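Enquirer: Sequence:
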Amino acid sequence: MMMDNTTHHPIVQINTTNSQNMTNIHQQSSTKLPGEPDHFLTIRLLMQGKEVGSIIGKRGDNIKAIREESGARINISDGTTPERIVTMVGTIE
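So that you can map any letter, position 81 of the sequence shown is 80 in numbering that gives the first Met the number 0, and since no number is skipped, the others follow by simple counting.
It is worth saying that the hints were derived from the structure and are not from the lab. What you are looking at is a predicted structure, and each value in this text was computed from that prediction instead of being measured. Check each hint, because a few of them may be wrong.
[Said to hold, decoys possible] Derived CB-CB ranges, DEER-like:
hint	residue 1	residue 2	range
1	I91	R58	27 to 35 Å
2	K49	N74	14 to 22 Å
3	H38	T79	30 to 38 Å
4	G48	E92	28 to 36 Å
5	R58	H38	29 to 37 Å
6	E67	F39	13 to 21 Å
7	H38	N74	28 to 36 Å
8	P81	H38	32 to 40 Å
9	F39	P81	23 to 31 Å
10	D77	G56	27 to 35 Å
[Stated by the list, open to error] Straight-line alpha carbon distances no greater than 20 Å define the calculated EDC-like cross-link-like pairs of lysine to aspartate or glutamate that follow:
hint	residue 1	residue 2
11	K49	D77
12	K49	E67
13	K57	E67
14	K57	D77
15	K49	E82
16	K63	E92
17	K63	D77
18	K49	E68
19	K57	E68
No residue lacks a Cβ here, since even glycine has one placed at the ideal position from N, Cα and C.
Start from the sequences, fold in the hints, and give me the full structure.
Expert: What follows is the structure, given as structure tokens:
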């Protein structure tokens with residue numbers, strides 16, 4: 000019998016079109032991946048594809064501003080599924 004050694008990490012699920020809620024995410028999740036430096040925080044949001052536009056903004060203005068103000072790396076999974084994963088990695092400061 001094979002043992003399942005999979006490590007499960009919680010996902011903060013946000014079901015809203017209001018990108019302002021991103022400022023509250025730090026309080027909801029402090030999970031980091033094994034081997035990740037202590038001074039970095041990784042946050043993954045599971046969002047409906049139609050809601051991701053509120054993160055990106057017109058011409059990418061919102062996501063550019065978030066990246067510039069926070070210094071975080073932000074990645075949004077491709078749009079081939081109804082739900083998309085928004086991954087943000089940055090320092091805790």
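Enquirer: Next, verify each hint and record whether it holds.
Expert: Status of each hint after checking the structure:
Here the CB-CB span from I91 to R58 is close to 30 Å, well matched to the stated 27 to 35 Å. Checked against the hint of 14 to 22 Å, the pair K49 and N74 passes, with Cβ atoms roughly 19 Å apart. Remark: the range hint 30 to 38 Å for H38 to T79 is upheld by a beta-carbon distance near 34 Å. Between G48 and E92, the C-beta spacing of about 32 Å keeps the proposed range 28 to 36 Å intact.
The beta-carbon spacing between R58 and H38, approximately 32 Å, falls within the hinted interval of 29 to 37 Å. The hinted window of 13 to 21 Å between E67 and F39 holds, with their beta carbons roughly 18 Å apart. In this structure the hint that H38 and N74 lie 28 to 36 Å apart at CB is violated, the actual value being about 19 Å. Checking the proposed 32 to 40 Å range against P81 and H38 shows it holds: the Cβ atoms sit about 35 Å from each other.
For F39 paired with P81, a C-beta distance near 30 Å keeps the hint of 23 to 31 Å intact. For D77 and G56, the Cβ-Cβ distance of about 18 Å falls outside the hinted range of 27 to 35 Å, so the restraint is violated. For a cut-off of 20 Å, the pair hint linking K49 to D77 stands: about 12 Å separates their Cα positions. Using a Cα cut-off of 20 Å, the hinted pair K49 and E67 is violated, with the two alpha carbons roughly 24 Å apart.
Between K57 and E67 the CA atoms are separated by roughly 16 Å; this keeps the pair inside 20 Å, and the hint holds. Proposed proximity of K57 and D77 is supported: the alpha carbons are some 18 Å apart, at most 20 Å. With a C-alpha separation of about 9 Å, the suggested pairing of K49 with E82 holds against the 20 Å cut-off. Taking the CA atoms of K63 and E92, the gap is about 19 Å. The hint holds against a cut of 20 Å.
For the proposed pair K63 and D77, the alpha carbon gap of about 18 Å is at most 20 Å, so the pair holds. The straight-line distance between the Cα atoms of K49 and E68 is roughly 25 Å, outside the 20 Å bound, and the hint therefore fails. For the suggested pair K57 and E68, the alpha carbons sit about 17 Å apart, so the restraint of at most 20 Å is met.
The structure fails to meet hints 7, 10, 12, 18 from the earlier list, while all remaining hints are met.
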